[in-house]
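Peer 1: Read in order, the letters of the sequence shown are residues 1 to 424 in our numbering.
Worth flagging that the hints you see were computed from the coordinates, not collected in a lab. Don't take each hint at face value.
[Unchecked claim] Calculated pairs, DSS-like style, for lysine-lysine (alpha carbon to alpha carbon, straight line, at most 30 Å): (1) Lys371 - Lys60; (2) Lys80 - Lys60; (3) Lys147 - Lys217; (4) Lys147 - Lys80; (5) Lys121 - Lys147; (6) Lys121 - Lys80; (7) Lys60 - Lys121; (8) Lys147 - Lys378; (9) Lys235 - Lys80; (10) Lys217 - Lys235; (11) Lys217 - Lys245; (12) Lys80 - Lys378; (13) Lys245 - Lys235; (14) Lys378 - Lys60; (15) Lys371 - Lys121.
[To be verified] Between beta-carbon pairs, the in silico distance windows are: (16) Glu213 - Arg76: 50 to 56 Å; (17) Glu233 - Gly323: 21 to 27 Å; (18) Glu233 - Pro324: 27 to 33 Å; (19) Ser380 - Asn227: 48 to 54 Å; (20) Gly73 - Leu382: 54 to 60 Å.
Fair warning: this is a prediction, and the values are worked out from it, not measured in the lab. Ideal Cβ placement from N, Cα and C applies to all residues, glycine included.
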Amino acid sequence: MNFKKHNLYYNTILAFFMISLCFGTTMLLISSSSNQSLKFPKSASNGVSHYDILQSVEYKVEMNYTVSKESFGLTRFYYKIPRIDNRTPYSTLTRYCPPYQESELLYNNKYSISGGSSISKSINLHDRFNNTYDAVNITMSRGDSLKLSQEYNVTLNQVSFSNISDSDIGTYDTSDIMFELYCNQSVQFFNTSDPDLISISNLIVDGGDNPVEKAYKIINWIGSNINYESQTEEKGASWAYDNSKGDCSEYADLMITLLRIQNIPARKIVGLIVSNDPTYRPSAGDELIYTFSNSEDTVMGHAWIEYYVPNIGWIACDPTWNGPYDYFNRIDYLRFGFTVGSWIRDGSGTLASEFPFPMGYSGTDYNFELKLTVLGTKLSPLPPSIWDLLILLIIIFAIVGVVGFTIYIIIKILRHRKKSTVNY
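All chains, full assembly: derive it from the sequences and hints.
Peer 2: Here's what the structure looks like:
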């Protein structure tokens with residue numbers, strides 16, 4: 001009889017422990033796997049489909065640039081100031097583009113000058129790639145200064161494309177202007193007529209691969225064969241292939257060129273990154289300040305790519321960061337895109353793009369400051385760490401111990417009462 005009672009006691013505790021462990025683990029996994037992902041229909045009414053918005057961060061962006069002339073004499077300066085464009089499927093400037101960057105211009109001070117400077121400016125221009133910019137021509141003498149300020153609210157979305165099958169992909173219209181801009185021309189940095197690049201591009205992919213499969217093989221080949229090494233100036237795809245190294249510009253140039261050889265439109269996106277740590281998670285209220293001046297440069301410029309697939313849209317990849325962080329068909333909330341296209345010229349200058357931040361001319365004292373304030377975030381919970389699981393087990397053991405001890409005391413009391421009963 002005692003054996004059965006003890007057996008019942010231990011079985012009760014064991015059953016309670018197993019139920020508690022299963023319940024606690026399940027709740028932890030559910031809470032960690034839940035996210036605020038927004039899934040979009042597998043349709044292409046606006047030419048964009050098969051993407052999810054996994055996470056997003058809203059920023060307040062304040063840009064201030066000042067320049068004053070220190071040298072003697074009159075000098076004319078030219079500035080081409082990029083704007084942070086609204087890059088969504090609903091923008092008239094960004095066809096077939098998912099909502100990578102939702103931007104609203106709040107303030108533009110129209111460029112204030114002091115001293116005897118003469119200035120001519122054109123506001124809100126568009127180049128052939130539909131980048132928006134302001135153009136400023138200014139003649140300055142010693143002591144004159146120029147100041148410009150802009151302010152935006154920008155939401156950067158983590159966009160991911162997945163589950164794209166052959167039947168989802170449409171047919172390329174090679175008469176579309178995107179082929180002239182992003183595929184057909186063999187130009188500086190994107191030398192699609194290089195026989196070595198043609199050979200390796202055709203070796204990497206198979207003839208029956210669809211565009212997404214080709215892009216996957218190309219980005220993985222680059223990750224395995226190109227070593228990261230910072231460069232003082234852009235070298236281009238052929239140089240990167242010949243030397244097996246480069247920085248973000250060469251990684252982007254090479255992937256774009258190998259895709260274009262496969263008749264897949266591809267383009268470079270140039271901008272800046274909030275952090276060079278892909279695991280960085282902004283929090284509301286964070287303030288980040290970047291400076292570019294005569295004596296300091298903390299602006300983290302970066303380049304990545306987009307390639308076009310019919311009925312799917314412009315798909316972003318970052319071949320530089322792909323490696324362990326998987327940036328194939330995915331981009332995060334850490335990248336501000338300033339220009340699309342390339343800073344190249346065909347003789348007429350009509351293809352000029354990829355203009356940088358306001359440059360600093362010699363003989364001037366210049367300072368560019370970019371301030372980011374995190375207004376809000378929609379981030380997925382982090383997965384449980386080993387410490388989370390350990391704490392969960394400790395809590396469960398403590399609860400089971402308390403409950404088990406309570407059951408033991410109750411059984412002891414009941415047994416004691418039964419022994420104390422007098423039978424006649």
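Peer 1: Against each hint, give a clear statement of whether it holds in the structure.
Peer 2: Hints versus structure:
At roughly 8 Å between alpha-carbon atoms, Lys371 and Lys60 fall within 30 Å of each other, so this suggested pair holds. The hinted pair formed by Lys80 and Lys60 meets the criterion: a straight-line CA distance of about 22 Å does not exceed 30 Å. Between the alpha carbons of Lys147 and Lys217 the distance comes to roughly 47 Å, so the proposed pair goes past 30 Å and is violated. For the proposed pair Lys147 and Lys80, the alpha carbon gap of about 14 Å is at most 30 Å, so the pair holds.
Simply put, Lys121 and Lys147 have alpha-carbon atoms about 13 Å apart, close enough for the 30 Å limit, and the pair holds. Between Lys121 and Lys80, the direct Cα distance comes to roughly 10 Å. Compliance with the 30 Å bound is thereby established for this hinted pair. Restraint check for Lys60 and Lys121: satisfied, since their Cα atoms lie roughly 26 Å apart, inside the 30 Å limit. The straight-line distance between the Cα atoms of Lys147 and Lys378 is roughly 35 Å, outside the 30 Å bound, and the hint therefore fails.
Proposed proximity of Lys235 and Lys80 is supported: the alpha carbons are some 23 Å apart, at most 30 Å. Distance check on the hinted pair: Lys217 and Lys235 sit about 23 Å apart at the alpha-carbon level, within 30 Å; holds. For a cut-off of 30 Å, the pair hint linking Lys217 to Lys245 stands: about 18 Å separates their Cα positions. The straight-line distance between the Cα atoms of Lys80 and Lys378 is roughly 34 Å, outside the 30 Å bound, and the hint therefore fails.
For the hint linking Lys245 to Lys235, the alpha-carbon distance of about 10 Å falls within 30 Å, and the restraint holds. Straight-line distance between C-alpha atoms of Lys378 and Lys60 comes to about 15 Å, which keeps the hinted pair within the 30 Å bound. Between Lys371 and Lys121 the alpha-carbon distance is near 25 Å, which keeps this suggested pair within the 30 Å criterion. A beta carbon spacing of about 51 Å between Glu213 and Arg76 agrees with the range 50 to 56 Å that was offered as a hint.
Between Glu233 and Gly323 the CB atoms are about 24 Å apart, so this pair conforms to the stated range of 21 to 27 Å. A hinted range of 27 to 33 Å for the beta carbons of Glu233 and Pro324 is consistent with their spacing of about 28 Å. The supplied range of 48 to 54 Å is broken by Ser380 and Asn227, whose beta-carbon atoms lie about 32 Å from each other. The hinted window of 54 to 60 Å between Gly73 and Leu382 holds, with their beta carbons roughly 59 Å apart.
Of the numbered hints given earlier, the model fails hints 3, 8, 12, 19; all others are met.
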